[in-house]
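Asks: Protein sequence lines correspond, in order, to chains S and A.
In terms of our numbering, the numbers along the first sequence are unbroken and rise by one, the last being 261.
In terms of our numbering, the numbers along the second sequence are unbroken and rise by one, the last being 164.
Think of the hints as simulated: they come from the structure by calculation, not from any bench.
Lysine to aspartate or glutamate pairs mimicking DMTMM-like chemistry, simulated, CA-CA at most 25 Å apart:
| id | chain 1 | residue 1 | chain 2 | residue 2 |
| --- | --- | --- | --- | --- |
| 1 | A | K11 | S | D48 |
| 2 | S | K38 | A | D10 |
| 3 | A | K7 | S | E41 |
| 4 | S | K38 | A | E16 |
| 5 | A | K7 | S | E81 |
| 6 | S | K16 | S | E134 |
| 7 | A | K49 | S | E41 |
| 8 | A | K11 | S | E41 |
| 9 | A | K49 | S | E81 |
| 10 | A | K11 | S | D43 |
| 11 | A | K147 | A | E70 |
| 12 | A | K49 | S | D43 |
Partial pick of chain A residues on the chain S-facing surface, computed with a CB cut under 7 Å:
| id | residue |
| --- | --- |
| 13 | S37 |
| 14 | L42 |
| 15 | R43 |
Since we're looking at a predicted model, the values are computed, not measured.
Ideal Cβ placement from N, Cα and C applies to all residues, glycine included.
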Amino acid sequence: MKIPENWTPAEMLFLKTPLESSVQELLRCTLFDLLFRKILELDIVSNDLNQSYFIIGPKFQNYLAKEHERTFLQVYHMNPELRILFPHLIMMAYENTRGSRPLKKGLRNSNSLNTYFKNNSFIQLFGLNILNKEGRKRQTEISRYFLYLRENMNYSVMNRNEDFLMECLKIREHIFLLDKIPGTFILQLNDTLKRLVKTRDQAALSMIGPWVNYQSIENTFLDIMIDIENAYDYIFFTSINHSSHGCSDCSSCSSCGGCGD
Amino acid sequence: MTPEQQKLWDKIQHFEINDSDSSYTFSDRLRYENQWSIAFTLRAIQEYKKFILLCCITDDSMSPSHVVDEVWHLHLLYTRSYWTEFCSDTLNQTIHHGPTKGIEEKKKFEHQYLLTLERYQYIFEQVAPEDIWPMPTASSKSPNYVKIDRNDYWIIPKKPFKKS
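Start from the sequences and build out the full structure, keeping to the hints where you can.
Replies: As structure tokens, this is what we get:
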């Protein structure tokens, strides 16, 4: 299966599972995608990702954001010099989505996906996400393709398969739509990536696209992604929990001006 | 911006106003107390930093907008962060907050505010964002704040669908 160039991982995920895909997952793959394409960058100032900043990347200025990406990017359009802590970025994106329904509506109506969903006044009224015939066909293709990736991934863990590793690099950031990627496989991918960069195999590098933005052999995009992947769920949970429940009911911290130690 | 001003601006931009050890950070508190969105809160802090740069590099007195003033007020509560980490260690100078002495100073503050907007545009080469730095007009009103305990009162906004 060839993934269209202009599809984002969030759009892929939504088409694959329009009902089950959660805000948390959709935001996660959108953030990974923006990082991968260098529209945003992570400025790591300490070992704790909580204390790292998201800033605009070199591709930000000329990038026309899709609606679901604006949850992250809108604020940078107003203040491009902003340095936003990881938890604040997640909280802000979550707040900007205004819930699952508006986020999915934006995805459903995007230029990439609107031809795959039924659309009439009843559906608009109730905000339903129902695939049409073409959409179901696409959904099946995607599901089969990801099943194929999963099976071969498990096989490659035992018997390293260079051709398959290259295929995974070619589908770019969409690889991160597969959850629970085995650590061994990520190491294999990273090895392949580092070897390509080291040998400067231009033909191969041109095929795998944005990975080559990360040409440092010591630190590839996968290294960064593993760290973010590990931190994301915890930060999402604590940030959202804190922003939506933690403070509003509690008067102890908000009413206290501090102490004089 | 001169190279020295740029250097100072870089230092101010990199100054972390949030306490890394706290689960209820400066930004959280500012957002909660003003009922701002997170994006607006982060932008307000950024504009506060710009205002402080203007204070540092200008001989004239500068005047903040109401939004920036709210950020400043709260930062002044965090005395260690404000006086030690920000003023002493980052700015290498003290920036005092001078509250108004009364209605007789209204004209003076209006003049200072317009001067601040001019300096902002000159230094940052962009017009100050209108939602944080509103242009004063004849009909513009000053905020009419009052401290309310939400345990005792309901608050119903006059513009329920407008969110900052």
